[in-house]
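Novice: Combine both chains into one complex, guided by the hints.
Going down the list, the sequences are from chains Z and W.
Everything in the first sequence is counted per the working numbering, starting at 1 for the first residue and increasing by one.
Everything in the second sequence is counted per the working numbering, starting at 1 for the first residue and increasing by one.
Be aware that a few hints might be false.
Taking lysine to aspartate or glutamate and the EDC-like style, the derived pairs with C-alpha atoms no more than 20 Å apart in a straight line are [stated by the list, open to error]:
(1) W:LYS137 x Z:GLU61
(2) Z:LYS262 x Z:GLU245
(3) Z:LYS262 x W:GLU238
(4) Z:LYS262 x Z:ASP239
(5) Z:LYS262 x Z:ASP59
(6) Z:LYS83 x Z:ASP59
Keep in mind the hints are simulated off the structure, nothing from the lab.
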Amino acid sequence: MDTASAPTTTTPPAPARSENPRKIGGILVRILIYLFLIAWAIVVIYPMAWTVMGSLRTDRELLFTPWGLPTHLHFENYLRAWKDAQIGQFFGNTLIVIIPSLFFTLLFSSMVAYVLARYEFRGRQFIFYLFLGGMMFPIILAMVPLYFIMEFLHIRNTFPGLSLVYVAFSFPFTVFFLYGFFRTLPRELMEAAIIDGASHTQTFFRVMLPLAQPGLVTAAIFNFLGQWNQFILPSALMDNTGLREGQTRSVLSQGLYYLQIKQQYTNDWSGMFAAVAIVMIPTLIVYIIFQNRIEQGLTVGALKG
Amino acid sequence: MKYGQRRFIIGFLAVPLTIYTVFVVLPYASAILISFTRWRGVSANITFNGINNFIKLSQDALFFNALKNNAKVLITLPIITIILALLFAALFMRGLRGQRFFRTTFFFPQVLSMAVVAVLFNFVYHPTLGILSSSFKLLGIKQLSAFPWLGDAATVLPSIIFVAIWQATGFYMVLFMAGMGSIPTEYYEAAKIDGAGEWLIFWKITLPLLRESLRTAAVFLMILAMDMFVYVSFLTNETGGPGRGAQVLSSYLYQTAFRQGNFGYGTTLAVVLMAVVLVLSIFGLRVGSQETVEY
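So that you can see chain W by itself, here it is in the shape it has in the complex (with noise of 0.2 Å):
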């Protein structure tokens, strides 16, 4: 019986750790290794580079752009998107006349792939024959009725967050809404009888019990906002926008890898980006498991 459930156990992870290990853990591991090479690719000449990439990288005035770019989608899309996304979990869980429409409305950009929805958005943005311009030239906003709203550093990467928003608000609506609808009725009833207003309740009751969905929520939006990959590459052809103005780590790193066969400093950055996601996971975890609340 013991034996027979060790075989078991062996045999029934066997193959999928096997691919699982080959495909995923092991490029990730090395990774980091040839971030310490320097190495181009189309050889198989890869010679140990130290921490020279890394000194190169302190240097890079496109990396600290690029970083910089992160960081600005890191303080934006996280909290607009929870905001949103909570905001209509709260209204469509007391009950609203049409709110299943609006419901399945909010949710479908989440079933359409991030690339449809770049190029989506690349219709709509477009000066002429986009849908925002010939809105405003409909409102007669002469200024704005042939904006190139990617074709400007100072608009590419607000107009690349806002798809980002666009497309991950219905996800955390129904996260939010699940993790609502299993809060006790009580809890509500009881602030009820103690007279407890609409506000109050939602910042005492809802919230702080919503914590679980919260965190999970904070957690993928962070790495989302650190990775940005396919939003940008579509909406700037790669070029990372004028004036690099959208350029972030992920396309950054792409482009130096893929673009300019330079495989070793492009794995640099790749680390680089994967300790920021790394350190913003495990912050995001820690912050939010601290005293759980039970129910």
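For reference, chain Z alone in the conformation it holds in the complex (with noise of 0.2 Å):
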């Protein structure tokens, strides 16, 4: 397993007993090694904690020693980057879009994954590559006609559209991950369920989907990720004609880019911090939470790949 374990009966005894072979070579490369990592934890976690800790501050603060820790707790940045700048009304539009789009991302991701990795029939080529080849362009390549078509189908601008299209763009991962889970399910049970007199949609539903249970939350965790975060798709098809000053059509990490740009003007420092705050905390919980399950999630899709 590691250092610790190496001596029991069954190593014979190496004639070099100081070179443990599971260490890695000398003291200084250790230290080396520590420093390393050190460095890069420190690079990963500094710009995250500055922005917490800054998000604490006032501005007066933040300008003249970037690098102090907060002397009194500014919660008033929060409530006015939730009020002031629509951080609170950003939350709500992302919630209202990705609670549909992540339950229907599930519902029809599984179903075309199960269908494509169990039943044999036409075109099942096809659609599988025809599905997974949606993960190798760039949505930025989608975006004019897409914008278009949305026009055309009067669904523009509504939460109801962009959830769709939330869901249309999440097929590919979903359904290339699921699709390994599915295969992995043993053949036989659903053999069985089908003898039993099940039809294929109650054993897909009674059965399958069950079991793939483990397989659904972690392409739920992906997509929450996923969705939440989304940037393009927003910013192209969501503007905010016709709603009354004050009102927004805008998602998070889009608002995120408007207080940005507007920060140049205004230079609420503080508030910006405390924005951006809002937007990555619950992501983090999300990761401390299931950070085993998403790790695991790549196993499977890495083994499958």
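Specialist: Spelled out as structure tokens, the structure:
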């Protein structure tokens, strides 16, 4: 397992006992490795920690002592970001869009993935690659035509319309991921259910879908992160035409962008820091809670890939 | 039974396939058609423009500038990210004190949105209150104590590439760890019995058996390198940076189509970008798939 478990009875007494085979080089190499790891950890953590700390300070403090710690906790920055900078509205809009889109992404993707993984039919290969192909291209390429398709269908600038687009663009990854998952489920279970007189649909919803639950949870987490963070789709498809002053259709990352541009004139740094913290923190919480699942999810994907 | 199965398959595929076709397949496909038109979006006045857009492209210095910047990203981003990720993965696979902390931390940026990360680094790179400048001030390096990292044509692109590396490394680290975890331990044991050293084992066993994961990583990172849209838009306020030093194809096409309303030429750029991505993906998949190692 690790360095500590080396001296067991099964290991033959090696001539050079001082050289533990699991050990990385000498002590100097070890120190260098740790220095490097610590350096990267600082590079990763510092911008985030600094932003969270900055969100609790005043603009004056930020400008004159960028490295300092908060003297008083200025939670009013959050209030300002939530209310004045409309982060609260962006937050609500994001939820309105992603709750239905997450549900339908999972439902439809699992249906497609199941059929592709478990049934033989003409065109199966074609459909599989059609879904897979969507992963290959940057979303920006589809943006111009998509804008006009949405206009044509009269669903541009609507939340259900945006949800639908999220569902569509989530298919490639989710179908591919769940396809790998359904492949690993024992075929006998499905056959047994059908012999017992269950229809194909019943077999799917009563037998296979519950079995695929771990895969579904992982797919849900990845899609939550992806859709929560989506920027290109809403910024090309949603604007505030026809809304009253002070209302907005923007979702979080889009709102953040406007804030950043506005920031150049208003110079409300602490408010901006607070806004970033509000967007950042839910994803970090999801990550900390589901950390193992996220890493396992990647494992499944990698093994199937 | 057979009939029921057929109906079931169609029933399950119909709705998702329709949604996918309308909102994903159709836009990508029509991008190719629109690229042959002179279309300014405001009117329904679409005139066929033949290959004129592509001729214009061949004389467009801004296009070549963007392409050159994409090429720079394409060379640096995948290589640096893969090397860093491989290094971390190899270290953590051997078991290291405190590795759980490092692993969790390194993966962190992956769950943040590109938008959040870009805003974070707008703070980091800020000449007066940014932590980079203040770090240099602290170290007493005067020349860099108020340096506009994103406001200088020479540093804007490397600064943005670093942001992409910062965010992507953790993901590929975990991907490689998963790949390494699935390599049977007998290989390592056999190699050790044969007296192979750490480096030799890494080069001769780990890397070749990691081929699949490396291939996946290379393809995804090349696609990211051709994209970069969110990072560039946020960190240069859509301008492409001073002297367009960080203008890439995606941001140039967004500007052309959505800001100047020149949808025809914008999609021409999109099609070129699509072609490049396609060629890179196929190239990546081909190179990787030769002599797949079975184990």
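Novice: Each hint needs a verdict: does it hold in this structure or not?
Specialist: Tested hints:
Of the pairs offered as hints, the one joining W:LYS137 and Z:GLU61 holds, with about 17 Å between alpha carbons and a cut-off of 20 Å not exceeded. Proposed proximity of Z:LYS262 and Z:GLU245 is supported: the alpha carbons are some 16 Å apart, at most 20 Å. Annotation: proposed proximity of Z:LYS262 to W:GLU238 holds, straight-line Cα distance about 14 Å (limit 20 Å). For the proposed pair Z:LYS262 and Z:ASP239, the alpha carbon gap of about 16 Å is at most 20 Å, so the pair holds.
In summary, the hint linking Z:LYS262 to Z:ASP59 is supported, as the alpha carbons are separated by about 16 Å, within the 20 Å threshold. This hinted pair checks out: Z:LYS83 and Z:ASP59 have alpha carbons roughly 18 Å apart, not beyond 20 Å.
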